[in-house]
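With chain C's structure known, arrange chain U on it following the hints.
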Amino acid sequence: MSHWPLLSLVTFLPLVGTAFILMARGDEAVVARNARWIALWTSLIVFVLSLVLWFDFDPSTADFQFVERASWVTLGGFDFNYHMGIDGISLFFVLLTTILTFITIISAWEVIQYRVKEFMIAFLVLETFMVGVFCSLDFILFYVFFEGVLIPMFLIIGVWGGSNRIYSAFKFFLYTLLGSVLMLLAVLAVYFQTGTTDIEYALAHSELFPAYLQKWLWLAFFASFAVKVPMWPVHTWLPDAHVEAPTAGSVILAGVLLKLGGYGFIRFSLPMFPLASTYFTPLIFALSAIAVIYTSLVALAQIDMKKLIAYSSIAHMGFVTMGTFAVTSEAVQGAIIQMLSHGIVSGALFLCVGVLYDRLHTHEIARFGGLVHRMPAYAFVLMVFTLAAVGLPGTSGFIGEFLILLGTFRVNTLECTLAATALFLGPMYMLYMYRRVIFGTLTRADLRGMLDLSAREKALFVPLLIVVIWMGVYPLSFLRPIQVSVDHLVQQVAAATEAAGMRRASLP
Amino acid sequence: MPVLPPPDIAPALSEIILAAGAMALLIFGAVSGEKSTRTVSWLAIAVLIIALAVSLAQGGERHLGFYGMFVTDAFALFMKALVLIGSAVTILIGMRYNEDQGIARFEFPVLVLLATTGMMVMISANDLITLYVGLELQNLALYVVAAFNRDSTRSSEAGLKYFVLGALSSGMLLYGASLIYGFTGTTAFSEIATLVSGGTVPSAGVLIGLVFVVVGLAFKVSAVPFHMWTPDVYEGAPTPVTAFFAVAPKIAALALFIRFLVEPFGPLLGEWRQVIVFLSIASMVLGAVAAIAQENIKRLMAYSSIGHVGYALIGLATGTAAGIRGVLVYMAIYLFMTVGSWAVILCMRRNGRMLEGISDLAGLSRSQPGLALALAIFMFALSGIPPTAGFFAKLYVFLAAIDAKLAGLAVIGVVTSVVSAFYYLRVVKVMYFDEPVGAFDRPLTAELKGVLFVTAVVTLFFFILPGPIVGGADAAALALFAR
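In the order they appear, the protein sequences are chains C and U.
One point on numbering: in my numbering, the residue at position 326 of the first sequence is 419, and numbering is uninterrupted.
One point on numbering: in my numbering, the residue at position 348 of the second sequence is 334, and numbering is uninterrupted.
Just chain U, with the same shape it has in the complex:
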């Protein structure tokens, strides 16, 4: 047996930093005990920022590592930046909440770091095995954080639910991956691409495997009809955890989704497009309709996130560079809108008790005008009304859809966005038109204020300077189609 040369680990430098940082912080926390939680949280944020800096320094050039199983390119860089920002911000806004709820444990930031490592690996996966390793690393950490408030039945239930359904979807994905391996004889994305683009019709086994993997990934991005866990887990998990779930894992899973379909299976666009179109339509419709009756803001946001995945999948369904750019712009803007909304939800505390009802926001515009304005901006953005950033997110995916002759999908998209505008507006209505029921506890922490300010400003004034995000997304999308 020939001896392999040592693997090229340089492309995975930021993942290594994250993993090492998580281990170091775990030891540090275990040694210094519960009181070190705040320090560990700040250090975890520092580690995430270092990883981001390293990724940015490495740039968007295409590098293969670990014998081609691991890839970094402009696409990976863009998605990793989003994931790292999302993770860092959720640790930041969750600190105070966890302290108030008596669940401030140093394991939380460590688990977030581990989950983030998994996401980074997912984004860079260039092989079915890397894909699965990254996904499971992420999942295992996420199961634990979902049940993080271990004295709460709701939280434990959320964790268990997430675990059972997550394991099921991982199983399907693994089954699909083994079918693909069985019928192509390889797990490397590049070799699969060569095989399926050979002009011969791929065997049914490959297609069935493809569908199974798509189903598994659809679970992870919570696309309808594989969304059932989302509202329950969102509602049950502690709010900072939900904020985390709503952003980083979704972006990472979508990145994996895109790379998996575009790189190895790009030539089979005609085969998988109909599946994605169905997922997209079903998600948009359910996200719009099911959220109308919600009284709990966390459940509302859960259905809202299902709807947004539907819009993002429009871009994927086109299978073009413009479409992928649309998805990336969408996810970048979604990050800001969603993190901002969750930051407001984390402020919903009266007399030390956390509130989750939409009606608890009544009259917020008079008791806390700044907070109400911020949430109103996010709500208008989520419903896609210009001049907020949410409009531009939708603009780019619809643009790609019209270009790819998917006008029907775009029409369904705009109609459901009108339906969903109803429930976003309802939040605005409760805050602005209803009589106040009393202010939330003050003062807000400096972290929350800062996050709210930045996300609100980006969401509202995105139109002035859309260049950086759109330009980055454009480069990232082109990188995926470069070969």
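The shape of chain C in the complex, shown without the other chains:
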């Protein structure tokens, strides 16, 4: 298999599916049925191919693998190439994208009855862009994918969203665009500093960036990634976007798009700008601590399930940014695991909300209660994911949070303590929501008629349940490929800061 351009296949097969969907002819019902099946098969094949990536992945090296390189534009001294490759840091993000796309397409099977063809096209195009972001090793290529994501997501929120969808779609688009254009300028500055747009080269040559320049470039990248993550105080687009987006959109938004920011910090900010990263660590720690505590408290006050999960996402991503900039091997690995876990868990939670929304067309917590009497299977599924979200040992959430806290404790105990408050704030809002929705007496008439999970919905949750438990019980199968790359990254940062005579903050 190694001679196949596997990464290109995983990235661009969804576009082939799109072409097939565009070719579908006939009346609306026929086209809709064909579009669903084509999208399902495409995303399944892509997922299987991405599993091949995992099996063929060599966990013993920090180098990029499955590398593909082709000349793209070589004119007038400004060359950029088609250069793809993955290492331990990006491998699982590709898998996360492919599995979530596959699942969202199933989740939308019956729910989306309106402009099905366009819906499926938007998701397949989105998949190409998202996988492309994680695989590209050329800055221009990366940026094209990174910003291209906005177009399908804008349409998904705007066309299939809720009542206030237009406001949310614009807010999402403009907020994230403003961040990423500043990164574009920084990318161009990186080009002039290194003489190439090759990411691999820039990552290995942080010494080419003088300390003062690092700070500016770091801030420009920060503007982009902080909005994506999102970090407090630029998080306000997220609750709006989530509430209005259709279920499938929310899953991808929480599951993958937020990870673009965290991935960016680990991939670019740390290795390219180690001095600036060290310099700005207190800022990140402060913002992360605020994000964790403040948004947890805000989540407590929510009356809308989707908003509550959106705020909990911000808190979880606060953990990720904290772990990333602690720059110890455990913390960065924890940050990656936490992102993967959060991708699966929050995606699953949004699907759970979607299940209720399909039946009752509301996600207001107060409208529910006592569902356990009518929907026992649903109550079980929601319980597992709620517990995973609060980090119960044995679930994926625990591994991520534990590693992050472990790694951060050595660096900054105060920060670690502040973030640890999430360990009791998280259960407070999550279990509070769970109690109000699932337990209690079944009073409302319309709730009595609620049907439990259908076979399709069960099929949706089973793979996610397996991943969550697997990651929680035997995380080594995920940590092993990540480890070498992360160790390499951490040593790189340590060496660069030491060479510059800077001391990374450690125990006070």
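Treat the hints with caution; some may be incorrect.
[Stated by the list, open to error] No farther apart than 35 angstroms at their CA atoms in a straight line, the calculated lysine-lysine pairs in the DSBU-like style are these:
hint: 1; chain 1: C; residue 1: 210; chain 2: U; residue 2: 435
hint: 2; chain 1: U; residue 1: 147; chain 2: C; residue 2: 308
hint: 3; chain 1: C; residue 1: 210; chain 2: C; residue 2: 551
hint: 4; chain 1: C; residue 1: 264; chain 2: C; residue 2: 551
hint: 5; chain 1: U; residue 1: 147; chain 2: U; residue 2: 21
hint: 6; chain 1: U; residue 1: 435; chain 2: U; residue 2: 21
hint: 7; chain 1: C; residue 1: 210; chain 2: C; residue 2: 264
hint: 8; chain 1: U; residue 1: 391; chain 2: C; residue 2: 264
hint: 9; chain 1: C; residue 1: 308; chain 2: C; residue 2: 264
Bear in mind the hints are in silico, worked out from the structure with no lab data behind them.
Below, chain U alone, put in the same frame as chain C:
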């Protein structure tokens, strides 16, 4: 008085073909009357294609003609190709519109040919006198086409407005040119270049003249604060004329702008850069902010074009080969995005009546998905979102700006592009998110369909093969700095 040898007219062959073709078509039209309009239009397109072929056959080597007053080089070739394509396509997409509106007259393609001749001369100008002759030939034809729908008050008003302000700007330009002549004693670009690069500080007269000429040219490219005519003329003129205005004259004027500043006044980069930087910032900001409140799509496109001139001027402000390359790439991509957008606007006809409101596009994605998709591609491209061509246009100018240490200008550029994304997105929103208000008249003509298809494909898939445009622009920019 010595007798001059006969001038070398070979470099101007395509201009001569255009002028002769325009005269022949004028006679043909006058003889065979109104019914020949379609034939004249097709013949005019043929003449433009022949001129393009001749230009391409002559290649990008540097040739001087008319005692050095006229120059062809790779830069001229690139810009001429854009102008000729722009003119040919606007005649093509305007034919049906003019017939429907009862203004199908054979003079329209003839006037476009004459204006194009003027633009070609502007692009090849190597002397202040050639510059002015080309500019006025273009302008006079454009004044008439602006008022082409002579029974419409709006169109006549547009023509008159354009004439008054255009004449004013020509006057300023001429005044500047005479000052330059007065203080340097020559009108030839090459001699001016030698004089100002002599190391001596040029006299204030030359600088004042330079500023006056820049002001005149800023009028022509509608850079802020000399943009006031643009929205009104764009709105008032018949739509095919507006489509024409938005593309070819802008490219030609920008070509003249570049050659004038880089060739004779290249050594004075430090003096004129601040002017261009100001024009650029003002255009970008106004283009982004003023378009937000527009309800009329033609006015929206007018402000959008002002904004795009601002981005193109970033490249000029750098004064480097990379910057000029950025401008040329920008204009080439701008040609495709803009022509495509105007082709969609020309399709906005319901029950035989032309529509211009943005709200008339409501729900287009359901009534005419193909048309909506095309306009969405153009809107995303105009706002510079990858992977569309518009992103690469901005990429190359920002690249040059960062290289030339104009990072502040680049930052303003990206921020205004986010602001302007708002109104481009609004068009997409109206088409995709709003309830349909009914389909436009069908079927679309084959010409419009063809133009839409080609421009949309180029705009969307530019990234696959950017080589030809970027490579051509690169060669053209280097030609300007070769000496």
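Hint check:
{"no.": "1", "hint": "210/C to 435/U", "result": "holds, 23 angstroms"}
{"no.": "2", "hint": "147/U to 308/C", "result": "violated, 51 angstroms"}
{"no.": "3", "hint": "210/C to 551/C", "result": "holds, 25 angstroms"}
{"no.": "4", "hint": "264/C to 551/C", "result": "holds, 34 angstroms"}
{"no.": "5", "hint": "147/U to 21/U", "result": "holds, 31 angstroms"}
{"no.": "6", "hint": "435/U to 21/U", "result": "holds, 24 angstroms"}
{"no.": "7", "hint": "210/C to 264/C", "result": "holds, 26 angstroms"}
{"no.": "8", "hint": "391/U to 264/C", "result": "holds, 32 angstroms"}
{"no.": "9", "hint": "308/C to 264/C", "result": "holds, 28 angstroms"}
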